[in-house]
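J.: In case you want the letters, here they are:
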Amino acid sequence: DAGVTQSPTHLIKTRGQQVTLRCSPKSGHDTVSWYQQALGQGPQFIFQYYEEEERQRGNFPDRFSGHQFPNYSSELNVNALLLGDSALYLCASSRPQGPSETQYFGPGTRLLVL
Amino acid sequence: GDSVTQMEGPVTLSEEAFLTINCTYTATGYPSLFWYVQYPGEGLQLLLKATKADDKGSNKGFEATYRKETTSFHLEKGSVQVSDSAVYFCALRSAANFGNEKLTFGTGTRLTIIP
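Sequence lines, in order, name chains S and Y. Number 114 marks the last residue of the first sequence (our numbering); no jumps. Number 115 marks the last residue of the second sequence (our numbering); no jumps.
So here's chain Y without its partners, still in its complex pose:
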């Protein structure tokens, strides 16, 4: 079945450092890939997505590229801010057929940015 493996946390970085959170997946076909962010006490917010191989999703300085050959969707940001402190979830949605719309999530990576 579908699965998502995320880099284990927690991750602690200094402000303005470079961020990478690794995500790899197992799925049949060409799933859509997502990064969601969860701030303390809140639900999930979509950060970015990519729907086909070599697509790059980007938002708020974050980027991730859909790599079919390595089944990866690593999240990167060039210069993190304290406000980026949150839990980040990688997720996939199977392209198997219409109606199979569940999201499969990784376990999440807690990111803390120190001023």
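For reference, chain S alone in the conformation it holds in the complex:
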């Protein structure tokens, strides 16, 4: 059973560019959440997708957008990159069955903005 997969593993961009990160959820999961983890910090919630709609959003600007496809995979897009966007971006998948449902994380995409 494949777990959560993310691509690419590493990415280098320059300020002002745009980036797209991809995530495939664990088999049987239909909900995808994205988190940003700055160096030395805990992950911060960006947003969550369920049934191809953004269901919940954290405190991130509109430069951060996403999409969920019919097969439940998801993309995270970041426009007009800033140096401060350099971080590990984590995708997590789950089933929406209540507060005790576990979110399973992928290995992350490490983004460096120069």
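On the chain Y side, residues computed to face chain S include the following (Cβ under 7 Å):
1) G43
2) L46
3) F105
4) G106
5) G108
Pair by pair, the computed Cβ-Cβ distance ranges are:
6) S:E53 x Y:E15: 46 to 56 Å
7) Y:K68 x S:Q41: 21 to 31 Å
8) Y:G61 x S:R95: 23 to 33 Å
9) Y:F18 x S:N71: 42 to 52 Å
10) S:G58 x Y:T71: 17 to 27 Å
11) S:R95 x Y:D55: 18 to 28 Å
12) Y:T112 x S:L83: 22 to 32 Å
13) S:Q18 x Y:F18: 45 to 55 Å
14) S:Q18 x Y:I114: 39 to 49 Å
Source of the hints: derived by calculation from the structure; they are not laboratory data. Ideal Cβ positions, reconstructed from N, Cα and C, are used throughout, including at glycine.
Got chain S; can you put chain Y on it based on the hints?
T.: Then chain Y, alone, in the frame of chain S:
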């Protein structure tokens, strides 16, 4: 809003020592509580969880008890190994309503075990 406060690190222990990493939280209602572990260069792995007061989560020798009266979820292990060296994150998920499923994390505690 929801928040998680973790014991500041880094923590360095000798092999076979007893481990405690403190975690306290602020949330409305009865959140679910989690400990995740992050090994170098990897994503987060669920270590254990508890979903109601007085529940004890356990896995791989680690334990944590959901204490509603002290709003705490401290992580413990009786005898640590070098392979336990990692960063540990305490997290909560609000029980407010269906669809409010974001995890709120602490800042993490880096643990290093010396042989």
